[in-house]
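Peer 1: Dock chain B against the given chain A, drawing on the hints supplied.
2 protein chains.
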Amino acid sequence: MKFGRISRESPDGAIARLVVVEPEKGRVIDLARAGALYAMGKRHATQAAAMRLAQAQFPGSMAQALGASDILVDAATEAIQGSYGDDASLDINNVTWLPASDPPVLRDGLTFVGHIKGWHERMQREVPESMLLIPGFTKNSPSTAIGHNSVVPWPGYIKSKMDYELELGYVIGREGGSVRPEDAMKYVFGITLYNDFSGRDLQHNELPIGMGSTKSKDFAHAIGPWITTLDEFKDLDSIPMEVRVNGETWGKGNSGGKLWTVAELVAYVSLGEKILPGDVIGSGTMGGGSALELGRELKPGDVVELEASGVGVLRTTMGQPIDGLWWPERRKPFM
Amino acid sequence: MKFGRISRESPDGAIARLVVVEPEKGRVIDLARAGALYAMGKRHATQAAAMRLAQAQFPGSMAQALGASDILVDAATEAIQGSYGDDASLDINNVTWLPASDPPVLRDGLTFVGHIKGWHERMQREVPESMLLIPGFTKNSPSTAIGHNSVVPWPGYIKSKMDYELELGYVIGREGGSVRPEDAMKYVFGITLYNDFSGRDLQHNELPIGMGSTKSKDFAHAIGPWITTLDEFKDLDSIPMEVRVNGETWGKGNSGGKLWTVAELVAYVSLGEKILPGDVIGSGTMGGGSALELGRELKPGDVVELEASGVGVLRTTMGQPIDGLWWPERRKPFM
Numbered sequence: 077m078k079f080g081r082i083s084r085e086s087p088d089g090a091i092a093r094l095v096v097v098e099p100e101k102g103r104v105i106d107l108a109r110a111g112a113l114y115a116m117g118k119r120h121a122t123q124a125a126a127m128r129l130a131q132a133q134f135p136g137s138m139a140q141a142l143g144a145s146d147i148l149v150d151a152a153t154e155a156i157q158g159s160y161g162d163d164a165s166l167d168i169n170n171v172t173w174l175p176a177s178d179p180p181v182l183r184d185g186l187t188f189v190g191h192i193k194g195w196h197e198r199m200q201r202e203v204p205e206s207m208l209l210i211p212g213f214t215k216n217s218p219s220t221a222i223g224h225n226s227v228v229p230w231p232g233y234i235k236s237k238m239d240y241e242l243e244l245g246y247v248i249g250r251e252g253g254s255v256r257p258e259d260a261m262k263y264v265f266g267i268t269l270y271n272d273f274s275g276r277d278l279q280h281n282e283l284p285i286g287m288g289s290t291k292s293k294d295f296a297h298a299i300g301p302w303i304t305t306l307d308e309f310k311d312l313d314s315i316p317m318e319v320r321v322n323g324e325t326w327g328k329g330n331s332g333g334k335l336w337t338v339a340e341l342v343a344y345v346s347l348g349e350k351i352l353p354g355d356v357i358g359s360g361t362m363g364g365g366s367a368l369e370l371g372r373e374l375k376p377g378d379v380v381e382l383e384a385s386g387v388g389v390l391r392t393t394m395g396q397p398i399d400g401l402w403w404p405e406r407r408k409p410f411m
Numbered sequence: 077m078k079f080g081r082i083s084r085e086s087p088d089g090a091i092a093r094l095v096v097v098e099p100e101k102g103r104v105i106d107l108a109r110a111g112a113l114y115a116m117g118k119r120h121a122t123q124a125a126a127m128r129l130a131q132a133q134f135p136g137s138m139a140q141a142l143g144a145s146d147i148l149v150d151a152a153t154e155a156i157q158g159s160y161g162d163d164a165s166l167d168i169n170n171v172t173w174l175p176a177s178d179p180p181v182l183r184d185g186l187t188f189v190g191h192i193k194g195w196h197e198r199m200q201r202e203v204p205e206s207m208l209l210i211p212g213f214t215k216n217s218p219s220t221a222i223g224h225n226s227v228v229p230w231p232g233y234i235k236s237k238m239d240y241e242l243e244l245g246y247v248i249g250r251e252g253g254s255v256r257p258e259d260a261m262k263y264v265f266g267i268t269l270y271n272d273f274s275g276r277d278l279q280h281n282e283l284p285i286g287m288g289s290t291k292s293k294d295f296a297h298a299i300g301p302w303i304t305t306l307d308e309f310k311d312l313d314s315i316p317m318e319v320r321v322n323g324e325t326w327g328k329g330n331s332g333g334k335l336w337t338v339a340e341l342v343a344y345v346s347l348g349e350k351i352l353p354g355d356v357i358g359s360g361t362m363g364g365g366s367a368l369e370l371g372r373e374l375k376p377g378d379v380v381e382l383e384a385s386g387v388g389v390l391r392t393t394m395g396q397p398i399d400g401l402w403w404p405e406r407r408k409p410f411m
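These protein sequences, in sequence, are chains A and B.
Going by my numbering, the first sequence opens with residue 77, and the numbers climb by one from there.
Going by my numbering, the second sequence opens with residue 77, and the numbers climb by one from there.
Warning: the hint list may mix true and false statements.
To be clear about the criterion: a stretch of chain B counts as covered by chain A if any three or more of its residues have a C-beta under 8 Å from a C-beta of chain A, and this derived list gives those stretches [unchecked claim]:
| hint | segment |
| --- | --- |
| 1 | 155 to 166 |
| 2 | 277 to 285 |
| 3 | 346 to 352 |
With a cut-off of at most 25 Å between alpha-carbon atoms, the simulated DMTMM-like pairs for lysine to aspartate or glutamate come out as follows [claimed, not checked]:
| hint | chain 1 | residue 1 | chain 2 | residue 2 |
| --- | --- | --- | --- | --- |
| 4 | B | K408 | A | E369 |
| 5 | B | K408 | A | E202 |
| 6 | A | K262 | B | E405 |
| 7 | A | K350 | B | E85 |
| 8 | B | K350 | A | D277 |
| 9 | A | K235 | A | E373 |
| 10 | A | K101 | A | E251 |
| 11 | A | K237 | B | E205 |
| 12 | B | K237 | B | E369 |
| 13 | B | K408 | A | E258 |
| 14 | B | K350 | A | E85 |
| 15 | A | K101 | A | E373 |
| 16 | A | K350 | B | D399 |
| 17 | B | K375 | B | D307 |
| 18 | B | K350 | A | D88 |
| 19 | B | K118 | B | E154 |
| 20 | B | K101 | B | E381 |
| 21 | B | K408 | A | E381 |
| 22 | A | K193 | B | E405 |
| 23 | B | K334 | B | E202 |
| 24 | A | K262 | A | D311 |
| 25 | A | K334 | A | E383 |
| 26 | A | K408 | B | E205 |
| 27 | B | K408 | A | D311 |
| 28 | A | K350 | B | D277 |
| 29 | A | K350 | B | E318 |
| 30 | B | K334 | A | E405 |
| 31 | B | K262 | A | E405 |
| 32 | B | K408 | A | D163 |
| 33 | A | K101 | A | E154 |
| 34 | A | K237 | A | D88 |
Facing chain B, from chain A, some residues (calculated, C-beta under 8 Å) [unchecked claim]:
| hint | residue |
| --- | --- |
| 35 | P284 |
| 36 | F309 |
| 37 | I315 |
| 38 | E340 |
| 39 | A343 |
Simulated from the structure, these hints should not be mistaken for laboratory data.
Built from N, CA and C at the ideal position, the CB exists for glycine as well.
Isolated chain A (complex conformation):
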């Protein structure tokens, strides 16, 4: 199954709605609506009770919806049956997409050997010994998540070397902590595409501080177009992936060649802390999945498409630089 989030108009203004996506039928099903129709039509609930239950089962927040874990998929499968699903359907080409999840914590791993090599060559850095010891990952700011078909905000302090990153996003569907690799995949609900836009010049300044990327990353994290449940993938190490800029293929490959398996990454992330329903863990960039590795960069107006077989296409358009933002003044040396 495929789950996503769209924005709909309501008497309270625009609100988020959870949907089941059926690309082959060209439609999405508004789950809260289908669930209410099902509760009334098949289970004899009053309209008020049907709406109350459906909104509790199918909230607009993916994190909240996935909080119900196994209950969500069962309830959605029931709700979209026959006419209930038909009557709650919308044209897939005529909806406004929201980020496929609203992750409590948005992390980004580093697992593809090809990208680790390519990035370090371009940044003129040695691959540190530590990368062989532990899976690297960083934490990003979830408030900057954007959805399919969005315009990417471009803060004016990113002057050059704007980049995309072609990544899968592993979406957590069950709360856990200190999970072992042999159990870790039970906590993964599904897979989405993740574009971790990066200002490489700024990143170069941030790296020596040793606290992770901040402004070079936390302006836009595209997540979508939707989440495909894990059962639809045969092999997580052979998913064909591609990135196109203005229709031209800039990178192509598959999800193989990992230093750490998906299970190891998820297990490591969960050590000593929690993985929460709705959390997105980026796979790290596929080898050749960034413009940096090609010596290229994005310009305002560029259309960036990530594609992964079994998921779909995540399309975004680079916005115009936003001028007039404050920027800190350089301090005097103190040592």
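Peer 2: Then chain B, alone, in the frame of chain A:
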């Protein structure tokens, strides 16, 4: 005013409750209870409506409560008047504290010149040029937040050099993005204490990866004991601060000597992303506010107290190492 969170038993099990803290009266006031008593006693609401409104105004989540911004303090001030506050009071020495906030995003800055010097000397690193260009900060995992009087979980993979960090936590009370320094303090609701426990040996391995600290930090972040609103502080650069281990003073100083002001740090954090109600931004460690700088370390069972004038004392006890956790196996070099 001082706001905190406690855990109380209910027919649904333990639940979080928002409180106003009155240390001078030796009590805390359960706000949802006081608010319901006030709505019934003074505003003629039915019991059902009074409870519904009070729970909407004073949820157990500080992030949700602060989402109401200015409305929260006004509503709390009304609710705790006279007998309504008295009848909803609990003995301050007999409550179970929760983390003072449940931050949507938990960040930690780096602003005290003394600590930057001391840390780099001990870690045998040069202070990077970048630290003069931009305020450094990192993002931590909010699920590991613990409250006053907690036992600190000690994952067994932290073998040695367990450390505390003496920090203030700036708590956000208004949603904002790309805020300028001259406006930034309007977004700060109040101040709490923040103890960013750190496994220094592990941190040494994580640093070269360049993605920020992960397992060396994300096992315990103590936040509390409560939040003192900003109006109670005359000068954010002269708050006396102290850290004690088993009653012995290990560090003492004040909140002066900053490379970046509180306003600059908050403004920088908000650039291109959002600061959200309930977010906690650590000040960074006060100079001399870590055991690392003294060549010392914590042991299981140690009692660590952070104190800041105008806030109070945040006391935690180091737990016993948790054995049997999975840890990744070293990879073979690939270059």
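Peer 1: A separate judgement is required for each hint: does it hold in the structure or not?
Peer 2: Against the structure, the hints:
1. As drawn, the segment 155 to 166 of chain B meets chain A at 0 residues by the rule of a beta-carbon pair under 8 Å; below three, the given contact is violated.
2. Here's how the segment 277 to 285 of chain B fares: 5 of its residues keep a CB closer than 8 Å to some CB of chain A, so the rule of at least three is met and the hint holds.
3. With 5 residues having a Cβ less than 8 Å from any Cβ of chain A, the segment 346 to 352 of chain B passes the three-residue criterion, so the hint holds.
4. For the suggested pair K408 (chain B) and E369 (chain A), the alpha carbons sit about 23 Å apart, so the restraint of at most 25 Å is met.
5. Taking the CA atoms of K408 (chain B) and E202 (chain A), the gap is about 16 Å. The hint holds against a cut of 25 Å.
6. Note on K262 (chain A) and E405 (chain B): the hinted pairing holds, with a Cα-Cα distance of about 21 Å set against a maximum of 25 Å.
7. This hinted pair checks out: K350 (chain A) and E85 (chain B) have alpha carbons roughly 24 Å apart, not beyond 25 Å.
8. Among the hinted pairs, K350 (chain B) with D277 (chain A) is consistent with the structure: their alpha-carbon atoms are about 22 Å apart, no more than 25 Å.
9. Note on K235 (chain A) and E373 (chain A): the hinted pairing holds, with a Cα-Cα distance of about 11 Å set against a maximum of 25 Å.
10. With a C-alpha separation of about 33 Å, the suggested pair K101 (chain A) and E251 (chain A) falls outside the 25 Å cut-off, and the hint is violated.
11. Restraint check for K237 (chain A) and E205 (chain B): satisfied, since their Cα atoms lie roughly 21 Å apart, inside the 25 Å limit.
12. About 11 Å separates the Cα atoms of K237 (chain B) and E369 (chain B), which keeps this hinted pair within 25 Å; it holds.
13. Proximity of K408 (chain B) to E258 (chain A) is assessed by CA-CA distance (about 21 Å); at most 25 Å being required, the pair is judged to hold.
14. Restraint check: the Cα-Cα separation between K350 (chain B) and E85 (chain A) comes to about 24 Å, which is no more than 25 Å; the hinted pair holds.
15. Between the alpha carbons of K101 (chain A) and E373 (chain A) the distance comes to roughly 37 Å, so the proposed pair goes past 25 Å and is violated.
16. In summary, the hint linking K350 (chain A) to D399 (chain B) is supported, as the alpha carbons are separated by about 18 Å, within the 25 Å threshold.
17. For the hint pairing K375 (chain B) with D307 (chain B), the CA-to-CA distance comes to about 38 Å; that exceeds 25 Å, so the pair is violated.
18. Annotation: proposed proximity of K350 (chain B) to D88 (chain A) holds, straight-line Cα distance about 23 Å (limit 25 Å).
19. About 10 Å separates the Cα atoms of K118 (chain B) and E154 (chain B), which keeps this hinted pair within 25 Å; it holds.
20. Only pairs whose Cα atoms come within 25 Å are accepted, and K101 (chain B) paired with E381 (chain B) is accepted, the gap being roughly 22 Å.
21. Restraint check: the Cα-Cα separation between K408 (chain B) and E381 (chain A) comes to about 34 Å, which exceeds 25 Å; the hinted pair is violated.
22. For the given pair, K193 (chain A) sits about 20 Å from E405 (chain B) by alpha-carbon distance, which is consistent with the 25 Å threshold.
23. In summary, the hint linking K334 (chain B) to E202 (chain B) is supported, as the alpha carbons are separated by about 19 Å, within the 25 Å threshold.
24. Of the pairs offered as hints, the one joining K262 (chain A) and D311 (chain A) holds, with about 15 Å between alpha carbons and a cut-off of 25 Å not exceeded.
25. For a cut-off of 25 Å, the pair hint linking K334 (chain A) to E383 (chain A) stands: about 19 Å separates their Cα positions.
26. Restraint check: the Cα-Cα separation between K408 (chain A) and E205 (chain B) comes to about 10 Å, which is no more than 25 Å; the hinted pair holds.
27. Of the pairs offered as hints, the one joining K408 (chain B) and D311 (chain A) holds, with about 23 Å between alpha carbons and a cut-off of 25 Å not exceeded.
28. Using a Cα cut-off of 25 Å, the hinted pair K350 (chain A) and D277 (chain B) holds, with the two alpha carbons roughly 22 Å apart.
29. Restraint check: the Cα-Cα separation between K350 (chain A) and E318 (chain B) comes to about 31 Å, which exceeds 25 Å; the hinted pair is violated.
30. For the hint pairing K334 (chain B) with E405 (chain A), the CA-to-CA distance comes to about 14 Å; that is within 25 Å, so the pair holds.
31. Restraint check: the Cα-Cα separation between K262 (chain B) and E405 (chain A) comes to about 21 Å, which is no more than 25 Å; the hinted pair holds.
32. At roughly 55 Å between alpha-carbon atoms, K408 (chain B) and D163 (chain A) are farther apart than 25 Å, so this suggested pair is violated.
33. Restraint check for K101 (chain A) and E154 (chain A): satisfied, since their Cα atoms lie roughly 18 Å apart, inside the 25 Å limit.
34. For the hint pairing K237 (chain A) with D88 (chain A), the CA-to-CA distance comes to about 41 Å; that exceeds 25 Å, so the pair is violated.
35. Hint status for P284 (chain A) relative to chain B: holds, with the closest Cβ pair at about 4 Å, below 8 Å.
36. Evaluation of the F309 (chain A) hint against chain B yields a violated restraint, the C-beta minimum of about 23 Å exceeding 8 Å.
37. Hint status for I315 (chain A) relative to chain B: violated, with the closest Cβ pair at about 21 Å, above 8 Å.
38. With a cut of 8 Å, the hint placing E340 (chain A) at the interface with chain B holds, because the nearest CB-to-CB distance is about 6 Å.
39. Annotation: A343 (chain A) was flagged as interfacial toward chain B, and the flag holds, the nearest CB pair being 6 Å apart, inside 8 Å.
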